[in-house]
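Participant: Generate the whole structure from the sequences, applying the supplied hints.
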Amino acid sequence: MDVIIDNLPAYVDGFLRTLFLSVVSGIFALIFGTLLAAARVSPVAALRGFSMTYVEIVRNTPLTIAFFFAAVVLPRLGVTFQQFEVAAIIALSAYTSAFIAEAVRSGVNSVPVGQAEAARSIGMKFSQVLTLIILPQALRTVIPPMINILIALVKNSSVAGAFYVMELFGYGRQLANANGDAVLWVLVGVAFFYLLITVPLGYIANLVERKVAIAR
Amino acid sequence: MTTQVPGDALVSLNAVNKHYGQLHVLKDINLNVRKGEVVVVIGPSGSGKSTLCRAINRLETIDDGVIKIDGKELPEEGKELAKLRADVGMVFQSFNLFAHKTILENVTLGPIKVKGLSKTEADKDAMALLERVGVGHQAPKLPAQLSGGQQQRVAIARALAMKPKVMLFDEPTSALDPEMINEVLDVMIQLAKEGMTMIVVTHEMGFARKAADRVIFMDAGQIVEDDTPEEFFNNPKSSRAKDFLSKLLTH
Numbered sequence: 001m002d003v004i005i006d007n008l009p010a011y012v013d014g015f016l017r018t019l020f021l022s023v024v025s026g027i028f029a030l031i032f033g034t035l036l037a038a039a040r041v042s043p044v045a046a047l048r049g050f051s052m053t054y055v056e057i058v059r060n061t062p063l064t065i066a067f068f069f070a071a072v073v074l075p076r077l078g079v080t081f082q083q084f085e086v087a088a089i090i091a092l093s094a095y096t097s098a099f100i101a102e103a104v105r106s107g108v109n110s111v112p113v114g115q116a117e118a119a120r121s122i123g124m125k126f127s128q129v130l131t132l133i134i135l136p137q138a139l140r141t142v143i144p145p146m147i148n149i150l151i152a153l154v155k156n157s158s159v160a161g162a163f164y165v166m167e168l169f170g171y172g173r174q175l176a177n178a179n180g181d182a183v184l185w186v187l188v189g190v191a192f193f194y195l196l197i198t199v200p201l202g203y204i205a206n207l208v209e210r211k212v213a214i215a216r
Numbered sequence: 001m002t003t004q005v006p007g008d009a010l011v012s013l014n015a016v017n018k019h020y021g022q023l024h025v026l027k028d029i030n031l032n033v034r035k036g037e038v039v040v041v042i043g044p045s046g047s048g049k050s051t052l053c054r055a056i057n058r059l060e061t062i063d064d065g066v067i068k069i070d071g072k073e074l075p076e077e078g079k080e081l082a083k084l085r086a087d088v089g090m091v092f093q094s095f096n097l098f099a100h101k102t103i104l105e106n107v108t109l110g111p112i113k114v115k116g117l118s119k120t121e122a123d124k125d126a127m128a129l130l131e132r133v134g135v136g137h138q139a140p141k142l143p144a145q146l147s148g149g150q151q152q153r154v155a156i157a158r159a160l161a162m163k164p165k166v167m168l169f170d171e172p173t174s175a176l177d178p179e180m181i182n183e184v185l186d187v188m189i190q191l192a193k194e195g196m197t198m199i200v201v202t203h204e205m206g207f208a209r210k211a212a213d214r215v216i217f218m219d220a221g222q223i224v225e226d227d228t229p230e231e232f233f234n235n236p237k238s239s240r241a242k243d244f245l246s247k248l249l250t251h
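Residue numbers (our numbering), protein chains in the order written: chain P, 1 to 216; chain G, 1 to 251.
Hint data in this document are derived by calculation from the structure and do not stem from the laboratory.
Quick reminder that beta carbons are idealized off the backbone N, C-alpha and C, glycines included.
Please note that the accuracy of each hint is not assured.
[Stated by the list, open to error] A few chain P residues that face chain G, going by a derived Cβ cut-off under 8 angstroms, partial list only:
{"id": "1", "residue": "Val41"}
{"id": "2", "residue": "Pro43"}
{"id": "3", "residue": "Arg76"}
{"id": "4", "residue": "Glu117"}
{"id": "5", "residue": "Ala118"}
{"id": "6", "residue": "Arg120"}
{"id": "7", "residue": "Gln128"}
[As the list claims (entries may be wrong)] With a Cα cut of at most 20 angstroms, we get these calculated SDA-like pairs of lysine to any residue:
{"id": "8", "chain 1": "P", "residue 1": "Lys125", "chain 2": "G", "residue 2": "Lys210"}
{"id": "9", "chain 1": "G", "residue 1": "Lys141", "chain 2": "P", "residue 2": "Gln137"}
{"id": "10", "chain 1": "G", "residue 1": "Lys79", "chain 2": "P", "residue 2": "Gln128"}
{"id": "11", "chain 1": "P", "residue 1": "Lys211", "chain 2": "P", "residue 2": "Leu201"}
{"id": "12", "chain 1": "G", "residue 1": "Lys83", "chain 2": "P", "residue 2": "Ser42"}
{"id": "13", "chain 1": "G", "residue 1": "Lys101", "chain 2": "P", "residue 2": "Val113"}
{"id": "14", "chain 1": "G", "residue 1": "Lys72", "chain 2": "G", "residue 2": "Lys101"}
{"id": "15", "chain 1": "G", "residue 1": "Lys113", "chain 2": "P", "residue 2": "Glu117"}
{"id": "16", "chain 1": "G", "residue 1": "Lys101", "chain 2": "P", "residue 2": "Ala46"}
{"id": "17", "chain 1": "G", "residue 1": "Lys79", "chain 2": "P", "residue 2": "Ala39"}
{"id": "18", "chain 1": "G", "residue 1": "Lys210", "chain 2": "G", "residue 2": "Asn234"}
{"id": "19", "chain 1": "G", "residue 1": "Lys141", "chain 2": "P", "residue 2": "Val212"}
{"id": "20", "chain 1": "G", "residue 1": "Lys101", "chain 2": "P", "residue 2": "Val111"}
{"id": "21", "chain 1": "G", "residue 1": "Lys83", "chain 2": "P", "residue 2": "Gln115"}
{"id": "22", "chain 1": "G", "residue 1": "Lys79", "chain 2": "P", "residue 2": "Ala46"}
{"id": "23", "chain 1": "G", "residue 1": "Lys115", "chain 2": "P", "residue 2": "Leu132"}
{"id": "24", "chain 1": "P", "residue 1": "Lys211", "chain 2": "G", "residue 2": "Gln145"}
{"id": "25", "chain 1": "G", "residue 1": "Lys113", "chain 2": "P", "residue 2": "Gln137"}
{"id": "26", "chain 1": "G", "residue 1": "Lys83", "chain 2": "P", "residue 2": "Leu201"}
{"id": "27", "chain 1": "G", "residue 1": "Lys113", "chain 2": "P", "residue 2": "Val129"}
{"id": "28", "chain 1": "G", "residue 1": "Lys83", "chain 2": "P", "residue 2": "Phe126"}
{"id": "29", "chain 1": "P", "residue 1": "Lys125", "chain 2": "G", "residue 2": "Lys163"}
{"id": "30", "chain 1": "G", "residue 1": "Lys119", "chain 2": "G", "residue 2": "His137"}
[What the hints assert, rightly or not] Pair by pair, the computed Cβ-Cβ distance ranges are:
{"id": "31", "chain 1": "G", "residue 1": "Pro178", "chain 2": "P", "residue 2": "Gly114", "range": "15 to 25 angstroms"}
{"id": "32", "chain 1": "P", "residue 1": "Gly114", "chain 2": "G", "residue 2": "Asn235", "range": "35 to 45 angstroms"}
{"id": "33", "chain 1": "G", "residue 1": "Asn30", "chain 2": "P", "residue 2": "Arg59", "range": "45 to 55 angstroms"}
{"id": "34", "chain 1": "G", "residue 1": "Ala144", "chain 2": "P", "residue 2": "Leu196", "range": "49 to 59 angstroms"}
{"id": "35", "chain 1": "P", "residue 1": "Asn60", "chain 2": "G", "residue 2": "Gly116", "range": "23 to 33 angstroms"}
{"id": "36", "chain 1": "P", "residue 1": "Val113", "chain 2": "G", "residue 2": "Ala144", "range": "10 to 20 angstroms"}
{"id": "37", "chain 1": "G", "residue 1": "Glu60", "chain 2": "P", "residue 2": "Ile31", "range": "45 to 55 angstroms"}
{"id": "38", "chain 1": "G", "residue 1": "Asp186", "chain 2": "P", "residue 2": "Arg59", "range": "29 to 39 angstroms"}
{"id": "39", "chain 1": "P", "residue 1": "Phe192", "chain 2": "G", "residue 2": "Gly116", "range": "50 to 60 angstroms"}
Facilitator: Okay, here's the thing in structure tokens:
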């Protein structure tokens, strides 16, 4: 127990970095994932092909590969950054966006095709059909699975700890090495701070699910 | 057959063909609809009448042939097609009202987003249209709160709000309970009287008799007869039309 209280500043610093990584990557992943989903249902074959290939590759390879790619391969290709956080955000957003894209796509498919036909028949362009008619209806059904993906993102951000980013897990490793006699409590502390983010997210998911159920 | 001058056709189909895989759903369709004309398309299920209707605003693509609206050939996908669709109103069998928008928003969305009308202006027009089809008091509700007949009348108002040159009806009463069919047909008859150009795919023979200028009978992807309602119902020429009508009348 003492080891947690003694190292509280480290925990809090790690917690804030984990929160930062999750929020920033989450926002990028939501934007990029929705664009990928839009590309996947667009009338342009090249966009559909790109989206499908991207999602299939990224979704079916381990997150660690995305991290290696962002932290090791990108700098060799000339994309350099001062902090490893940037690499972590790139890896996490790129990885999570594939899952978001699939969730949004399933939501789009849940909207009856007649909605799009009606929208097209009053003269809407593809972008209008998507943003005014399809996505607003799709997002309602997509929010619960989306929050699951975001919870996974928070936990996945721990991989950044292995790439020199001092987030919760990075500190956890350091503290565990320094306090060999209290490893259990060090890890309990780490788990507690993760729960501090993920449990409220799950709670929000429940709230939203109920709200959507009423709106139907 | 009615003789026509192709020059003044508002909707014209010329040698239109379409296949679904092996199935030849539209076989060499030629059709001209003049301004103000009400054309009712009837025929057995699978005869291609809905496909014909949906091809006119390119919800279905065609394999070959030419479809023209007001002299302009239907464009490929894109801005031009969207512009042309705004001039062609469409009413669906399953209403397809935007489920997340109120009745009023359903009607104003097109005028605001496609035509660029102000909200005040669009609201005023929409309320007038909703009053006209008898659902003005439902304006703030969501589509799911209305009956089928009311929803279909809203769908007609939504299409009319774009001030279309021609209205397409794809079996507008087929999904309705019997007691709601008339309230929708009444609106359509009123529209026909006001001079709207209409192409109506329907099983409602009463509507065809009352409101149609021409009846087109389709079977197996072909236009088999094209005549006035009196001639078609009293004196069908083809054996297929006779067969179809006899089945209707025996029940």
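Participant: All the hints need checking, so say for each whether the structure fits it.
Facilitator: Status of each hint after checking the structure:
no. : hint                                    : result
1   : Val41                                   : violated, 14 angstroms
2   : Pro43                                   : holds, 5 angstroms
3   : Arg76                                   : violated, 41 angstroms
4   : Glu117                                  : holds, 6 angstroms
5   : Ala118                                  : holds, 4 angstroms
6   : Arg120                                  : holds, 6 angstroms
7   : Gln128                                  : holds, 6 angstroms
8   : P/Lys125 / G/Lys210                     : violated, 37 angstroms
9   : G/Lys141 / P/Gln137                     : holds, 17 angstroms
10  : G/Lys79 / P/Gln128                      : holds, 11 angstroms
11  : P/Lys211 / P/Leu201                     : holds, 15 angstroms
12  : G/Lys83 / P/Ser42                       : holds, 19 angstroms
13  : G/Lys101 / P/Val113                     : holds, 16 angstroms
14  : G/Lys72 / G/Lys101                      : violated, 33 angstroms
15  : G/Lys113 / P/Glu117                     : holds, 16 angstroms
16  : G/Lys101 / P/Ala46                      : violated, 33 angstroms
17  : G/Lys79 / P/Ala39                       : holds, 18 angstroms
18  : G/Lys210 / G/Asn234                     : holds, 14 angstroms
19  : G/Lys141 / P/Val212                     : holds, 17 angstroms
20  : G/Lys101 / P/Val111                     : holds, 14 angstroms
21  : G/Lys83 / P/Gln115                      : holds, 18 angstroms
22  : G/Lys79 / P/Ala46                       : holds, 19 angstroms
23  : G/Lys115 / P/Leu132                     : holds, 15 angstroms
24  : P/Lys211 / G/Gln145                     : holds, 18 angstroms
25  : G/Lys113 / P/Gln137                     : holds, 18 angstroms
26  : G/Lys83 / P/Leu201                      : violated, 44 angstroms
27  : G/Lys113 / P/Val129                     : holds, 10 angstroms
28  : G/Lys83 / P/Phe126                      : holds, 12 angstroms
29  : P/Lys125 / G/Lys163                     : holds, 18 angstroms
30  : G/Lys119 / G/His137                     : holds, 19 angstroms
31  : G/Pro178 / P/Gly114: 15 to 25 angstroms : holds, 23 angstroms
32  : P/Gly114 / G/Asn235: 35 to 45 angstroms : holds, 38 angstroms
33  : G/Asn30 / P/Arg59: 45 to 55 angstroms   : holds, 50 angstroms
34  : G/Ala144 / P/Leu196: 49 to 59 angstroms : violated, 40 angstroms
35  : P/Asn60 / G/Gly116: 23 to 33 angstroms  : violated, 45 angstroms
36  : P/Val113 / G/Ala144: 10 to 20 angstroms : holds, 18 angstroms
37  : G/Glu60 / P/Ile31: 45 to 55 angstroms   : violated, 34 angstroms
38  : G/Asp186 / P/Arg59: 29 to 39 angstroms  : violated, 54 angstroms
39  : P/Phe192 / G/Gly116: 50 to 60 angstroms : holds, 55 angstroms
Hints 1, 3, 8, 14, 16, 26, 34, 35, 37, 38, counting from the list given before, are not met by this structure.
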